[in-house]
Amino acid sequence: MRARVVVRLKRGILDPQGSAVKRALEGLGYREVRDLRVGKLLELELDGAASAQARGRLEEMCRRLLANPVTEDFTVEIVEEGTRPNLP
Amino acid sequence: MKFGVVIFPGTWSDCDFHYVIGEVLHQPVRYVWHRDTDLSEYDCVILPGGFSYGDYLRAGAVAGRSPVVGALGDFVARGGLVLGSCNGFQILCEATLLPGALMRNECLQYRCQSTHVVVENAELPFTRGLRPGQVLKMPISHGEGKYYADLETLRHLKARNRIVFRYCTEVGEVTKEANPNGSVENIAGVVNEEGTVLGLMPHPERAAEAAVGGTDGLLLFHSLIGSLVEDGSFLKR
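So the protein sequences, as listed, match chains A and B. Count along the first sequence from 1, add 1, and you get the number used in the working numbering. Count along the second sequence from 1, add 137, and you get the number used in the working numbering.
Hint data in this document are derived by calculation from the structure and do not stem from the laboratory. Backbone N, C-alpha and C fix where the C-beta goes; we use that ideal spot for every residue, glycine too. Check before you lean on any hint, since a few could be wrong.
[To be verified] Computed from the model, here is a short list of chain B residues facing chain A with C-beta under 10 Å: (1) L194; (2) T233; (3) C244.
If we strip away everything but chain B, and leave its shape as in the complex, we get:
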């Protein structure tokens, strides 16, 4: 059971993830350079937030074609878990490991604030410690977080329960006012068909200690660790 935290040129949340996994949760974790392609020692690979390659062309576009992301396909096929937060979510969409795209915020402002999200799918390795309808408070920090997918993709996502988080009010109402970036249907996070690749715009790693504004993000890590511990054969290798 081991976490890998990927660093691209311009990644900024790598240290936060590494700290939370290693120092707060005392789990084995190593940094993974963006040119690395051997992911065989990891059970879960994290794509952190930031501005990989300066977000040139489109957010996550260049990172989405990098060697380490190219290796994620095989890693996922072998049962590995991937969590992409913020820029990591953008990268996963650019690499077509997740459907849809993240576009410029509808308000045109960079949004750095606390948000609430409601859990829709609590049966994933990332969310199994949660319950459907549970509200989590986690910060966002992005200029391009407006989730977009065409109608057919949205229908498919809903039919397969692949919308994992939606922006909501403090009490869990999914409203226009609670949507910080104009995401279609308030979508804040989606998962792949197999339930092993999760992308979300909020930062769970920045909500992992009471001293910095909350611990709801830890619930995702606890779910992940529980999944990996209980099922030692999680990686089919």
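The shape of chain A in the complex, shown without the other chains:
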């Protein structure tokens, strides 16, 4: 089973890195970008099949280590067995 975890800064928390990347895009002429925030993508390969229990354990991993609950939100996506995560 594969899973994909996305960790983002909480809304309302200033993201100076995102602002700097947005300004760089503006410098390249992409003035339509109104907001840009940088997050993290974590890809996990796990033993066992997708299940509610597996999702629960992934969310626990996020709460305990992968995300900092003070500053970050996370989403967990389970990608079915045998398929690669469908990356944007």
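Using the hints, position chain B against chain A.
Below, chain B without anything else, positioned relative to chain A:
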């Protein structure tokens, strides 16, 4: 009365702390490996600066879940003192021994410079040799030192006098210009509810000899040693 200086893979201020405590202040001090969990011989455990585990994932995130940090909860419950500087402060926040988080500097630059901080709470084992309003000059050296806590946490910290240091000008004014990293309300150091776990971004161990730019950092060590000497039963064991 004994100090333990913790070493994680990637710690870089361990030797500085060990030198200041052992050679400048002539106090007993030993290194503590990050896998050690027996802290019973120490009165004060130091988490030094550096880049523990390469600061992978987030600064202090992996170290915050290490065996030695896991043992700090019991150590603190028995009355032990913990001082975390720079990466040590980040680790203490990641381990939720202190509230809040340390984020990337607002300027996006690594800042290695001298700073001034004003003392707000001089009633702690770490600060009892100081007076409120006193200005200390200590260096910082970090890329992720912007202190953040939500409004409710900030209100609580203020109500309990747990903001220990704020970045300020040479004469003690807390201004935006004196804030090197964008920390909320210029916060440079906070303490836990019991007043026994202190985290700060500046490096007191790098301001402990006149030859290397000042001795204000020594004032923290003098306070600590005074606290430990005067109260031999500091550790309830």
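Legend entry - Hints the structure fails to honour: none
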